[in-house]
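Spelled out, the chains give:
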Amino acid sequence: MTTAGALQKTTYREAVKQAIREALKRDERVFLMGEDVGRYGGCYAVTKGLLQEFGEERIRDTPLSESAFVGAGIGAAMAGMRPIVEIMTVNFSLLALDQIVNNAATIPHMSGGQFAVPLVIRMATGAGRQLAAQHSHSLEGWYAHIPGLKVVAPATLEDARGMLWSALQDPNPVLIFEHVNLYNMEGELAADAGPVPLSGAAVRRPGRDLSVITYGASLHKSLAAAERLATDGIEAEVIDLRSLRPLDDTTIMASVARTRRALIVDEGWRSGGISAEICARVAEQAFYDLDAPPARLCGAEVPIPYPKHLEDAAIPQAETIRAAALELVRPQGRTA
Amino acid sequence: MTTKPHLNRDHARHLLRQMLRIRLFEEKCAELYTQQKIRGFLHLYIGEEANAVGVVGALSADDSIVATYREHGHALARGIAMGPLMAEMYGKSNGASRGRGGSMHIFDRPTRFYGGNAIVGGGLPLAVGLGLAEKMRKGPGVAACLFGEGAVAEGEFHESLNLAALWKLPVLFVCENNLYAMGSAIERTESETDIHRKAEAYRIDSHRVDGMDVVAVEAATRKALDLIRAGAGPQFLECMTYRFRAHSMFDAQLYRDKTEVERWKDRDPIKRFGDWALASGLLHKEDIELLEKQASAEVEAAVAFAEGGAWEPVADLCRYTLMDAVPT
Chain E
1 MTTAGALQKT TYREAVKQAI REALKRDERV FLMGEDVGRY GGCYAVTKGL LQEFGEERIR
61 DTPLSESAFV GAGIGAAMAG MRPIVEIMTV NFSLLALDQI VNNAATIPHM SGGQFAVPLV
121 IRMATGAGRQ LAAQHSHSLE GWYAHIPGLK VVAPATLEDA RGMLWSALQD PNPVLIFEHV
181 NLYNMEGELA ADAGPVPLSG AAVRRPGRDL SVITYGASLH KSLAAAERLA TDGIEAEVID
241 LRSLRPLDDT TIMASVARTR RALIVDEGWR SGGISAEICA RVAEQAFYDL DAPPARLCGA
301 EVPIPYPKHL EDAAIPQAET IRAAALELVR PQGRTA
Chain S
1 MTTKPHLNRD HARHLLRQML RIRLFEEKCA ELYTQQKIRG FLHLYIGEEA NAVGVVGALS
61 ADDSIVATYR EHGHALARGI AMGPLMAEMY GKSNGASRGR GGSMHIFDRP TRFYGGNAIV
121 GGGLPLAVGL GLAEKMRKGP GVAACLFGEG AVAEGEFHES LNLAALWKLP VLFVCENNLY
181 AMGSAIERTE SETDIHRKAE AYRIDSHRVD GMDVVAVEAA TRKALDLIRA GAGPQFLECM
241 TYRFRAHSMF DAQLYRDKTE VERWKDRDPI KRFGDWALAS GLLHKEDIEL LEKQASAEVE
301 AAVAFAEGGA WEPVADLCRY TLMDAVPT
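As given, the protein sequences belong to chains E and S, one line each in that order.
Position 65 of the first sequence, counting from 1, maps to 65 under our numbering, and the rest follow consecutively.
Position 85 of the second sequence, counting from 1, maps to 85 under our numbering, and the rest follow consecutively.
Think of the hints as simulated: they come from the structure by calculation, not from any bench.
Nothing false has been slipped in among the hints.
To be clear about the criterion: a stretch of chain S counts as covered by chain E if any three or more of its residues have a C-beta under 8 Å from a C-beta of chain E, and this derived list gives those stretches:
no.: 1; segment: 102-116
no.: 2; segment: 121-131
no.: 3; segment: 319-328
Glycine is no exception: its CB is placed at the ideal position from the N, C-alpha and C atoms.
Next up, chain E with everything else stripped away, as it sits in the complex (with noise of 0.2 Å):
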């Protein structure tokens, strides 16, 4: 028996599903539909055992039919429900991104605000595990760049339980990327971990040398590569974006104020990426503190290749975020 309060070893998969459990079980209005989310118990294992906790009404399998089951979720939001639509794979909602841009972010501003689509969109995302270039986009950027959407990308366990319930109490469409692989990653949580807020940045590693501005599973290797710049004597601050609509200005301007360099890192391609956008808005709000020009590690400009060799080489690695902040706060030719 734990008392609340108390750590339980845990992982990513597992406070997320904690989280669909809680919100099915405290709000009757909340649903959850996708492709293989029943039967098959998530394509991820992430609502294993729902469907026979749950039930048919409220865990739905849906047909491979993105635009409809997307387009459902946003009618039957607007009508008073709260559902959670799970598309597989960022991949694959390119099929529902009418539903979601022209529909979902839309209806509110084009009804003059009589109707709201508190709807919440969960999405598996990223690269890293060799399944090419059809499987492994990184998007989260792109829905970033429409106004009427939310996107949050939880990187950590506290967000992964609790980003959800959040969400759902939201009036408006909600986006949670869920990168591939942090479903494994272990960590502990507390046993009665609520609700966290869904925007706001957090800095999870201080620092005074750079700020390293990154989200989702370049947290963990931007962390690691702190680590190692330790030893170099680079002490990085690393932020968490975990909202990347709305980003947290004050949070990231801050931590250029004290460290006066910043390194954006982000799985998506470098142009025209949420990376961009970040340079911009540090260019524009945090120039006379900068030392140095804003710099990015984003993905490489190709579709995610199949060999291991070039899948790492395409995406930020610790490795190659370490350089990159070396690179940033001891440029070469120059004494630091």
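We have chain E; now place chain S onto it with these hints.
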């Protein structure tokens, strides 16, 4: 159980009145468009009035409606006041959608009017969701989803019909087949032009209706609604109709023959029903003249309402992008 329509004097007057209101509203919109009071896209419903009046008029207050960008007739038939509707066409803040949507995006919460959807086929999944919510709450409502035959080519049509049938959702799919998707004639875009047969392929009860006959449309709708409310699952109506005007105000109509248009005009739903009502003695000439006069006055008042409306301040530009709360 929906009551069978009693085609008595009152009901006949109601049907004709509704169709006249739509016809005169649309004609006024065309006029205002040439005066640049209405901008952007304007898709007129002239010739198709029997569909909106027959379908929407048969719905109850518990039902919901998803329509397309050619939805002014459906909005009027549902009871959205003509003043706010016209103000929305202008983009004024006293418009049905506070002026934010315009002609293609009429929304009205009190009457469960879920747009006003400008992406062909984009409304069908929404209707599936409305039906799903109603079924999960064990409510009595039906989600009525109206769309043109152009939507049948979109993937959403097939996904939505399949899902609605699979989950036995209370959705009434109404295809207003006016034979042209903008400039694309149906024979050039559909390998199977019998649209109601496509619905049958999803095991949805499906019927073809004369969309120029308001009584036939209403009767078919009531039957379908009864079946849905009795738990039979989704129903499908294919209403054969025709738009007398172009797709929008920009359309030069190069793709169809003027003689075809004239042939369909001979089947004008308003003239047809009016003539029948006169011949059967249900209505008199004076009744019809009075209805025309009243509709005309209503349109003029709506224009005045729109003209008198205020423009939303630019300072409020980003309003409604995100909601603070779910409206009740």
